[in-house]
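Trainee: Sequence:
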Amino acid sequence: MTTDKIRKDKNQNIQVFIRLRPLNQRERDIKSLGVIEVVNNREVVVRQSQQTSHTKKFTFDRAFAPNASQLQVYQEVVSPLIEEVLNGYNCTVFAYGQTGTGKTHTMVGEHTGTDTHWQNDPLAGIIPRALSQLFDELRLTNTEYTVRVSYLELYNEELFDLLSTSEDNSKLRIYEDVTRKGIQ
1 MTTDKIRKDK
11 NQNIQVFIRL
21 RPLNQRERDI
31 KSLGVIEVVN
41 NREVVVRQSQ
51 QTSHTKKFTF
61 DRAFAPNASQ
71 LQVYQEVVSP
81 LIEEVLNGYN
91 CTVFAYGQTG
101 TGKTHTMVGE
111 HTGTDTHWQN
121 DPLAGIIPRA
131 LSQLFDELRL
141 TNTEYTVRVS
151 YLELYNEELF
161 DLLSTSEDNS
171 KLRIYEDVTR
181 KGIQ
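All residue numbers for the sequence shown refer to the UniProt record's numbering, where the first residue is 1 and numbers rise by one.
Do not rely on the hints blindly, as some may be mistaken.
No farther apart than 27 Å at their CA atoms in a straight line, the calculated lysine-lysine pairs in the DSS-like style are these [as the list claims (entries may be wrong)]: (1) K31 - K56; (2) K31 - K57; (3) K103 - K57.
Simulated from the structure, these hints should not be mistaken for lab results. None of the values given here were measured: they were computed from a predicted structure.
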């Protein structure tokens, strides 16, 4: 089922996706076994341990197994949002999870080399792919656009502007003010 179909079927604006990361090298070295499994692309089953049959099931709009490619995640989750942005809607992609769960890998990815364009790089994450798609689409029109992006990190209940050039990484304060709206 496509992201667009899920959104229309449920008549909702917020969707929740999960991407399971594969075991890392340390986990493989100590012969850890996975206790989380994706079922039918929407459900995740978590076993208490390999030795028990006690499980918990969680349902999402889409669940990606550890072998899901960067391109697959992008095409199913973010590419449809770029179309919404081009139609004038504000969209947000938010990665959430503990340290080491793959947020940076999914959002930024890796660049395999200077000879490879982001679109053709299998390790490119959501951010470079989204910017590439957005500007490619805008380039096809004969209209002037203003593009605004935010790249924020919420860590230990502190908000940081990751695009800031200042030395303090621009710790931000959140406030609610109807006259100024937004983040200061």
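Trainee: Is K31 close enough to K56, meaning Cα to Cα at most 27 Å?
Mentor: Within the cut-off at roughly 23 Å; holds.
Trainee: So if I understand the rule, the pair passes when the alpha-carbon distance is 27 Å or less; does K31 with K57 pass?
Mentor: Judged against 27 Å, a Cα distance of about 25 Å means the pair holds.
Trainee: Quick one, are K103 and K57 close enough, alpha carbons at most 27 Å?
Mentor: holds, 22 Å
In this structure, every one of the numbered hints holds.
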